Amino acid sequence: MKFSDTLFSAFSSLRSNILRTVLTTLGIIIGVAAVIAMVGVGAGAEQRIQGVMDTLGSNVIFVNNGSSVSSGARGGAGSLISLTEEDARALQEEGDAILVAAPSIRTSAQVINSSRNWFSSIYGAGSGYLEARGWDIVSGRTFTSQEERSPTKYAIIGQTVATQLFPEEDPIGQMIRIKRVPFMIIGLLDEKGETPWGGDQDDVVFIPITTAKTRITGGDRFRGPFVQSITVQASSAGEIMEAERQITEILQRRHGIKPGQPDDFTVRNIAQMVTARAQSERIMSILLASVAGISLLVGGIGIMNIMLVSVTERTREIGLRMAVGARPKDILFQFVLEAVVVSLIGGLIGITIGLAGSIAVARVGDWPIVASPIAALLSIIFAALIGIFFGYYPAYKASRLDPITALRQE
Amino acid sequence: METIIRTKGLSRDYMVGAQVVHALRDLDLIINRGEFVAIMGPSGSGKSTCMHLLGCLDTPSSGSYELDGEDISGIGPDKLASVRQRKVGFVFQAFNLLSGANAQRNVEMPLMYGAVERESRRQRASEALDAVGLSDRAHHLPAQLSGGQMQRVAIARAIVNRPSLLLADEPTGALDTTTGQEIMNLFRDLNKQGITVILVTHEEEVANFAQRILEFRDGCLTSDRSRQDVLGMQSL
Ligand SMILES: Nc1ncnc2c1ncn2[C@@H]1O[C@H](COP(=O)(O)OP(=O)(O)OP(=O)(O)O)[C@@H](O)[C@H]1O
Ligand SMILES: [Mg+2]
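Chain order of the listed sequences is G and U.
Residue numbering for the first sequence follows our numbering, beginning at 1 and increasing consecutively.
Residue numbering for the second sequence follows our numbering, beginning at 411 and increasing consecutively.
One chain only, chain G, in its complex shape (with noise of 0.2 Å):
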């Protein structure tokens, strides 16, 4: 019997009952669903996750200042300031696996041209800052050595502040004035983009630490040597751990923290905040790939029960056809093929399923819409093993048959 004769049969034989077919697909439907949905989200999850080392800049460390425990009440976060340019100095030179270690105070305020004027942050950081976020300038120039030591008036501006205060010219060589100290623009940053918790990044002035203490927070928190965070690139993402450990240990022994005794900073990498943030899609995809496994087993057994039920129904069919010259292998074929057909008619609805399901999750949870050619062709030949793998043992006891038998039957 030629396949397309086959092929043909067997859809006729399943559109003849199409409620049972679809609702013996379910279980098939749901399972590949879920395949496609776990892998739009995972690989949506994950490019949201490579995303943010990107923005944020790669083997990035966060120190910050700690909290306060005065009389058992506890401060928030960067309550006690004891982080100060030394200490990032300190980190540079003696932490073999960190490359740079580069202080910030960060305030905000507005700035003012000629004409324009926009609130945006501002931040008290040099070049090493720059250097740890991977941030790069497109025209002008950084700050000297010199120039961040001392508090100089120059300024370097993100993309945001640049198009709201110089929409036409070149902002190179202009005077901007935050809290009435003029300064004047050296260097224009690269774009950035969002953070991932939707921040503009490239609304941002960055000054000499110096000047930002004496001119701008003035009388603020951050007197003296102290400074709000220090920022640490380690020298790659293997050492991370290595840089991490290298800055407690440094850390705890400038301020003179005894073992036991709570740290007066903290230290956060990106990896762990992505990663905690990464959790709850890991879970999910977790979620549906169990989902998945179930659901395919479930289907495929409901695959094979009803194809059982089918062989039952039509054993005087089958033995008719053997009876005008069908050999069993061409009834054995012909039920795995409908077998076949039924899971891969559950396999086309499942990933149209799973694609709709991912979109919408993705627009949900905003992030980027991964469709995987990849996963739909092994989901669909997934499908159809199934159908050879729960058919075939209803299929041969139909080609097992005896015609005559077969055809006596009621």
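It is worth saying that the hints were derived from the structure and are not from the lab.
These figures come from a predicted structure and were not determined experimentally.
Mixed in with the good hints there might be a few duds.
Unchecked claim - If you anchor each label on the Cβ, the simulated ranges turn out as follows:
hint, chain 1, residue 1, chain 2, residue 2, range
1, G, Y393, U, E476, 36 to 42 Å
2, G, L19, U, H432, 55 to 61 Å
3, U, D546, G, F3, 29 to 35 Å
4, G, R408, U, S474, 22 to 28 Å
5, G, F11, U, E537, 41 to 47 Å
6, U, K602, G, F11, 39 to 45 Å
7, G, R408, U, H432, 15 to 21 Å
Backbone N, C-alpha and C define an ideal beta-carbon position, used for all residues, glycine too.
Using the hints provided, position chain U with the ligands relative to the given structure of chain G.
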């Protein structure tokens, strides 16, 4: 005369529990090409068993069988299926049509197992339906046909692969007398075109269409008479 069927000591035993049922015993039979044979006998005498063996649907417990020059004894199920496909057409009492397929597709079905191309399949099925006088019902489902028409479709299906042997087990058993007569006329026409016909029946009027009547009793062939003379008289 060319021999189409030759059996020697053909037997079929069934084991029912510890008891052996001799459904067919030691059948020695020669049938020539173009004969029209009726098999009669009481219920349980082995008529159907004999038909199944002659139609290669069953394998004998002992004895030999030669169909159309091919030795059938002891060949495997795949070869047997191929012999059925090429040489044998079956007509059953219960029609056995596929309810989901129209007349045309029912008739085409045996040709699929012979790997006949779709176009010539269609062509040959139309011819077969034409031969049984049902060209105008080609696209009707079995449920939309009368009993006689269904049996005609079944006959068309049996002759579509141009078999050398047409077997019918009580083909008129489920039909009224008039319709039965029509079906028998059809068998006679087919026989006149050269097909060897063997049919099982309980009715004398049906058997009278045949040239030769075999009678079975308890699995044994008890009588084998020719009606050549009778037919000759009728035609006068
Ligand atoms: N599968 C079987 N298992 C056991 N015994 C069987 C089987 N098939 C047939 N027989 C026995 O073989 C004998 C012959 O049966 P067969 O069907 O050939 O009779 P028949 O002449 O066609 O009868 P009827 O006119 O009722 O159709 C019967 O005694 C029957 O009980
Ligand atoms: Mg019988």
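Going down the list of hints, with the structure as the test:
1. For Y393(G) paired with E476(U), a C-beta distance near 38 Å keeps the hint of 36 to 42 Å intact.
2. A hinted range of 55 to 61 Å is violated for the C-beta pair L19(G) and H432(U), which are about 49 Å apart.
3. Taking 29 to 35 Å as the suggested C-beta distance range, the pair D546(U) and F3(G) conforms, at roughly 33 Å.
4. Separated by about 26 Å at the C-beta atoms, R408(G) and S474(U) satisfy the suggested range of 22 to 28 Å.
5. As the Cβ distance of F11(G) to E537(U) is approximately 27 Å, the hint placing it in 41 to 47 Å is violated.
6. Taking 39 to 45 Å as the suggested C-beta distance range, the pair K602(U) and F11(G) conforms, at roughly 41 Å.
7. Here the CB-CB span from R408(G) to H432(U) is close to 19 Å, well matched to the stated 15 to 21 Å.
This entry does not satisfy hints 2 and 5, going by the numbered hints stated previously.
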